[in-house]
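J.: Each residue of the sequence shown is one higher than the one before, counting from 0 in numbering that gives the first Met the number 0.
Hints listed in this document are in silico derivations from the structure and should not be mistaken for laboratory results.
Don't take each hint at face value.
[Unchecked claim] Derived PhoX-like pairs: lysine-lysine, alpha-carbon spacing no greater than 20 Å straight-line:
(1) K275 x K208
(2) K251 x K30
(3) K305 x K275
(4) K299 x K276
(5) K299 x K275
(6) K30 x K326
(7) K251 x K229
(8) K191 x K228
(9) K275 x K310
(10) K299 x K326
(11) K93 x K164
(12) K194 x K228
(13) K224 x K164
Owing to the predicted nature of the structure, the values given are computational and were not obtained by experimental measurement.
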Amino acid sequence: MILNFQLSCIILLTTLLVSCTKNKHLSSNQKIIVDPNILVYDTLAGVRIDSIQGTESHLECLGNYLVITSDCPHYYISLMSLHSDSIIASFGDKGRARNEFIDMPHIPYMSCESNSLLYCQDGTNKVTKVINLTESIRTGTCIIDTVYNHTNMNQENTTFLLNPKVRISKHDLDYDDPRNPVFYPPYFTICKNEKTREIDIFPELIDTKLSSLILIAYTDMLRIKPDCKKIVQVFSFMDLFGILDTETGHYKSYKMQQAYGWDFFEQMTSLDEAYKKVCFFNVDVCVTDQYIMLLRDGRKIHDYEKNHEDKTGSEINIFDWNANYIKSFYVPEHIIDIAFSDQTNVLYGLTSDGILYKYQ
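All chains should be built: construct the whole structure from the sequences, respecting the hints.
T.: Written as structure tokens, this is what we have:
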């Protein structure tokens, strides 16, 4: 079946149930957007195109390339042509030189102003390196244009640079003393011309004495819209995502109908109980200028960890940047990472053993 992602032409046949409710755990309102029981899946046939080295890998369609980051010791970054499905360059050695990386770079995204500049955070999270893709492809080595050192930031931050004078950081769940972890809620900061604005998204954390459960509850993934105007925050163990407007600082979260809320975690009396009741909803997320695509699982944590490879096929739910549900797809392979090219209307999926598929 040919994949048709001209979703702007799709008429949504489902009436979305919308309501706004105050939640002590979230500063913005939540919209209940769609009943998961009425999702309709189109099945896509996949073609195996490559295998990726390394035990951990990530895909992003950025500009003219499928950018593959992995923990392969010989190179951390590979570029695949979106038109030929062939690797045209691999670079990024392990090391501490300017054009090397301490660890596998993460959260790659393209410059808001140029399709030839790739931004990556180094393993320390305190450094963002800007890779000149044109020169890196020409020379076959990693050519760094600029290195940004982020000051006064914790180890676990994710930072997006909109331009040299504007950066947005997400400060993760944190605590001072590991012997008695009193957690501080996650929050965003928007720094413009060295003036910092804090965006509090969690005025109150869940009330539980299970420290590990707090870490599970707030596990998330961040992606930035290619035009850099919005950031999506997708939670792994909540059927929920939030959208931050990078210009206004406005944040709103959206929860799937019938999904449990934050108070569900407060009902857990042990970590063992939580593992049997808490679901692993969202495995990965990719974004385009039009869409947010969520790679789904839905199994309980216990079942996911015990029988990870037993799952057959994968589901992908698609939303626009206003959190309207568009449609869903099913692929026969059990994939753990996705990327989508709006240039070629091709979806890429990666399995846990490094097999790369494309769907169109």
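J.: Hint by hint, say whether it matches the structure.
T.: For each hint, the structure was consulted:
| no. | hint | result |
| --- | --- | --- |
| 1 | K275 x K208 | holds, 18 Å |
| 2 | K251 x K30 | holds, 8 Å |
| 3 | K305 x K275 | holds, 11 Å |
| 4 | K299 x K276 | holds, 6 Å |
| 5 | K299 x K275 | holds, 6 Å |
| 6 | K30 x K326 | holds, 18 Å |
| 7 | K251 x K229 | holds, 11 Å |
| 8 | K191 x K228 | holds, 14 Å |
| 9 | K275 x K310 | holds, 17 Å |
| 10 | K299 x K326 | violated, 24 Å |
| 11 | K93 x K164 | violated, 29 Å |
| 12 | K194 x K228 | holds, 19 Å |
| 13 | K224 x K164 | holds, 19 Å |
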